[in-house]
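Chemist: Turn these sequences into a full structure, and let the hints guide you.
Chains as they are written, first to last, in the working numbering: chain P, 17 to 328; chain Y, 17 to 328.
None of these hints come from the bench; they were simulated from the model. Be aware that one or more of the hints could be misleading.
Where chains are identical, the list cannot tell them apart; a pair therefore holds if satisfied intra-copy or between any two copies.
[To be verified] Listed below are the simulated SDA-like cross-link pairs for lysine to any residue, each with C-alpha atoms no more than 20 Å apart in a straight line:
1. K62 to T23
2. K25 to N88
3. K296 to G75
4. K28 to H267
Number of protein chains: 2
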Amino acid sequence: MAQKMPTVKQLKYFVCVAEFGTFRGAAERLGISQPTLTAQIYSLEKALQLTLLERSRSGTELTPAGRELLPNARQVMEEMHGLLDQAALINQGPSGTFRIGVSPTVGPYLLPHILPGLHQTYSSLKLYVRENMPKTLELDLLEGRLDLVLIPLPFGTSRLTSEVLFHEPLHLVVPEGHQLGKLKQIKAEHLREQNILTLESQHSSYHRVEAVCEELGANIARDYEGTSLDALRQMVMMGVGVAFLPSLYIHSEIHQPQGLSVSQIEELQLHRTHVLAWRKNSPNRSFYRQLVELIRSLVKANLSDAQLFFDD
Amino acid sequence: MAQKMPTVKQLKYFVCVAEFGTFRGAAERLGISQPTLTAQIYSLEKALQLTLLERSRSGTELTPAGRELLPNARQVMEEMHGLLDQAALINQGPSGTFRIGVSPTVGPYLLPHILPGLHQTYSSLKLYVRENMPKTLELDLLEGRLDLVLIPLPFGTSRLTSEVLFHEPLHLVVPEGHQLGKLKQIKAEHLREQNILTLESQHSSYHRVEAVCEELGANIARDYEGTSLDALRQMVMMGVGVAFLPSLYIHSEIHQPQGLSVSQIEELQLHRTHVLAWRKNSPNRSFYRQLVELIRSLVKANLSDAQLFFDD
DNA sequence: TATGCGTGATAGTAAAATACTATCACCAAA
DNA sequence: TTTGGTGATAGTATTTTACTATCACGCATA
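Modeler: Following this line, the structure appears as structure tokens:
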């Protein structure tokens, strides 16, 4: 026997009659006609199979059953208002948990510099940060497991969209005492026959590095592919080869380059480009574009000494 | 800007889509058509001014806002089910707080004998007992401050209705050593010129006693009207006069009549009639009639030695 | 490349629910 | 007897809910 479910509006009507004590008075307060109120209370009573109110000429009284259910009715209304309040809060500004995927070669060295600013601007914003390989992150975003990803190019399928955050130079790192470290200015040709250490092939952003070095006659040390930037750095220090490390990593991890020499090959302009990406039809895309602007300005402000550069 | 309030049904739809992940699947589970579901979710989103779900060809995902509000939606539904459960409980049997007024000359001596039985039969029944003068109780019932009253006759206005519970004899109580206490059988004529103590005039049930005694030539001690049965008893013991005390009082309070002699004047048949009364249009009147039957049988069972008598 | 399939959205229509105005029924007080 | 205040009833209009049919889109498969 499926009864109609009462509506919150009916409960509101019930509470109002209970408080006011007459149908006419309550109807006036509610801004509806008295017969409407009568009908809705009847409907409620029918749904519950209970008589909630005792009608008399001098007004209306709660029955014992009505008295028992009045707190329940109030509770339902309160919860509904809780939901409405929460919705209004979200409407004021982004709220809720946004799941963001970051590449391990950039996330740890970037987020500490922008998260405080993000929280300051959007105080109700919760970020659930997940680190993974860029290709995996891309798939997670595509299949809805993530809302955003912050990764280096290359990237992209047609159902995703992205905005450039900033460009991050890749610096040549050689061991202390290495011949390249003694040069005032390193030229592209100096890379010929050098052993170039690189990240394993999942890190697509390093593919351009490899291509450029191969063109210059350098050797890509495929037997020694690093699994992280730290691994690359260790191998350089051990003399296995030389490597290109990102600005943010150097800025974050290599304050005093002990055992290492860092330099830039101006003519090559090796760099990575980092983007924030989301699904094209994401309802929050407008907010995400704001996020891009905010991240850019936070990076400019907090990482001005990291040699990053921007599009504008 | 008055937005429409979401309905619990809409919230239920939202939760189901969130759980199922496609509109079509959820619609099927809910037993409605998919366009109905689409329309209702849109209506909900419009009411909240939020996009709760991200639609795609492969299904539907919660937005961060949707994720934030999902627990709220569930909570509203839970509270509504709490109300429905409570209503179902009340439907199974009377539940809630019934406010019953009792006369001080009967309540304390009767209720201990029937309340356990009442609670055993109606476990969810709560009785709020209030003692007061019968006239006051009658008015409280009339004006909806009480649901029931248990009082001795006389009683009644046309908007109230009552059922007889039982009849309670009034016994003559005289001090030890009094001449009437030595008689094997007291006759009506023995009352002539006796000083009859009575309750103050608010206790209407004593008016008949007064009238009968006056007809027999006894003196109603109006200067010594008792405010309670205990007061009457004390005055009798002090030799101020004699009094008629109800059976229940004697049964309850006078186990060994020390200092007192109790007897019955058969030819007078003095007694009080106790009724349970309620408003004629009370929605629970059917239940109250059941209550009458139950009280009667409890009285019969638990107060068989109190010399009460019944109508059937 | 064409086709099929699964998704949610749209359009038109019917049914149900909500809401109104007008009036009735009842009863207590003046 | 009349008046006034109460809730209920009746008829009608409006709004909302719900349906069927179909469209739009895009991916996978042959």
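Chemist: Next, verify each hint and record whether it holds.
Modeler: These are the hints, each one checked on the structure:
1. With identical chains, the CA atoms of K62 and T23 are at most 20 Å apart both within one copy (12 Å) and between copies (18 Å).
2. For a Cα distance limit of 20 Å, the shortest separation of K25 from N88 qualifies both inside one copy, at 14 Å, and across copies, at 18 Å.
3. Taking the shortest Cα distances, K296 and G75 sit within 20 Å of each other only across copies (15 Å), while inside one copy they are farther apart (60 Å).
4. When the C-alpha separation of K28 and H267 is checked against a cutoff of 20 Å, the pair qualifies neither within a copy, at 61 Å, nor between copies, at 51 Å.
Taken one by one, the earlier hints fail for this structure only at number 4.
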